[in-house]
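Take these sequences, add in the hints, and give me the full structure.
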Amino acid sequence: MIEFIYQTLAQFGFRHPLHPAITHIPMGMVMGGFLFALASFVLKKDELAKTAHYCYTLALIFVLPTMLLGYMDWQYKFDAEWNNLILAKIVLAFVFSGLLFGAFFVGKNNGVPIQKKLILYGICLAAATGLGFLGGEIQYG
64 MIEFIYQTLA QFGFRHPLHP AITHIPMGMV MGGFLFALAS FVLKKDELAK TAHYCYTLAL
124 IFVLPTMLLG YMDWQYKFDA EWNNLILAKI VLAFVFSGLL FGAFFVGKNN GVPIQKKLIL
184 YGICLAAATG LGFLGGEIQY G
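So in our numbering, the last one in the sequence shown is 204, and the numbering has no gaps at all.
Simulated from the structure, these hints should not be mistaken for lab results. Every residue, glycine too, gets a C-beta built ideally from N, C-alpha and C. One or more hints might be untrue.
Unchecked claim - Here are the simulated lysine-lysine pairs, BS3-like style, with alpha carbons at most 30 Å apart:
| # | residue 1 | residue 2 |
| --- | --- | --- |
| 1 | K140 | K179 |
| 2 | K171 | K113 |
| 3 | K179 | K113 |
| 4 | K107 | K179 |
| 5 | K108 | K171 |
| 6 | K108 | K179 |
What the hints assert, rightly or not - Label pairs and their calculated CB-CB ranges:
| # | residue 1 | residue 2 | range |
| --- | --- | --- | --- |
| 7 | G195 | F75 | 24 to 34 Å |
| 8 | V105 | M64 | 40 to 50 Å |
| 9 | L148 | G185 | 16 to 26 Å |
| 10 | K113 | A189 | 20 to 30 Å |
| 11 | P83 | D142 | 33 to 43 Å |
| 12 | I149 | L101 | 31 to 41 Å |
| 13 | F157 | Y203 | 16 to 26 Å |
| 14 | V154 | Y117 | 23 to 33 Å |
| 15 | Q138 | N172 | 36 to 46 Å |
| 16 | F67 | L148 | 42 to 52 Å |
| 17 | V175 | L98 | 11 to 21 Å |
| 18 | N173 | F67 | 13 to 23 Å |
| 19 | G204 | Q138 | 38 to 48 Å |
| 20 | D142 | K171 | 22 to 32 Å |
Below you can see the structure in the form of structure tokens.
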């Protein structure tokens, strides 16, 4: 099935990995959400905290397809070869998903102070940064 997808795309001239094309959605939303939450805290504007929540909601929606495409690329481009970086990336991806799930529910709750949301959003940002670093190490060495 995976082979079929990549071969079909290759017939149209697309021979690139699929994961990088979608990974910017959850990663960008986490970065933007953190910045909106920070602005909400500094400027004392609740509307910005709501925007941060929407960013984390979109990140949560796209994290599973991103993980799936990462798995497919690993199967196809790297022949499913295990190494410590792949293992670390898979573990961190599941941790990141759990953090996003938590951030979604914490962000939805208006009773949680923005300072606590900001801490969780910062942890999500650190996990996203770690995933990006691991991806770069896997791809470029």
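Taking the hints in turn, this is what the structure says about them:
no., hint, in the structure
1, K140 with K179, "violated (40 Å)"
2, K171 with K113, "holds (8 Å)"
3, K179 with K113, "holds (14 Å)"
4, K107 with K179, "holds (14 Å)"
5, K108 with K171, "holds (16 Å)"
6, K108 with K179, "holds (16 Å)"
7, G195 with F75: 24 to 34 Å, "holds (28 Å)"
8, V105 with M64: 40 to 50 Å, "holds (48 Å)"
9, L148 with G185: 16 to 26 Å, "holds (24 Å)"
10, K113 with A189: 20 to 30 Å, "holds (23 Å)"
11, P83 with D142: 33 to 43 Å, "violated (18 Å)"
12, I149 with L101: 31 to 41 Å, "holds (33 Å)"
13, F157 with Y203: 16 to 26 Å, "holds (24 Å)"
14, V154 with Y117: 23 to 33 Å, "holds (28 Å)"
15, Q138 with N172: 36 to 46 Å, "holds (38 Å)"
16, F67 with L148: 42 to 52 Å, "violated (27 Å)"
17, V175 with L98: 11 to 21 Å, "holds (19 Å)"
18, N173 with F67: 13 to 23 Å, "violated (47 Å)"
19, G204 with Q138: 38 to 48 Å, "violated (20 Å)"
20, D142 with K171: 22 to 32 Å, "violated (41 Å)"
Violated hints for the displayed structure, listed by number in ascending order: 1, 11, 16, 18, 19, 20.
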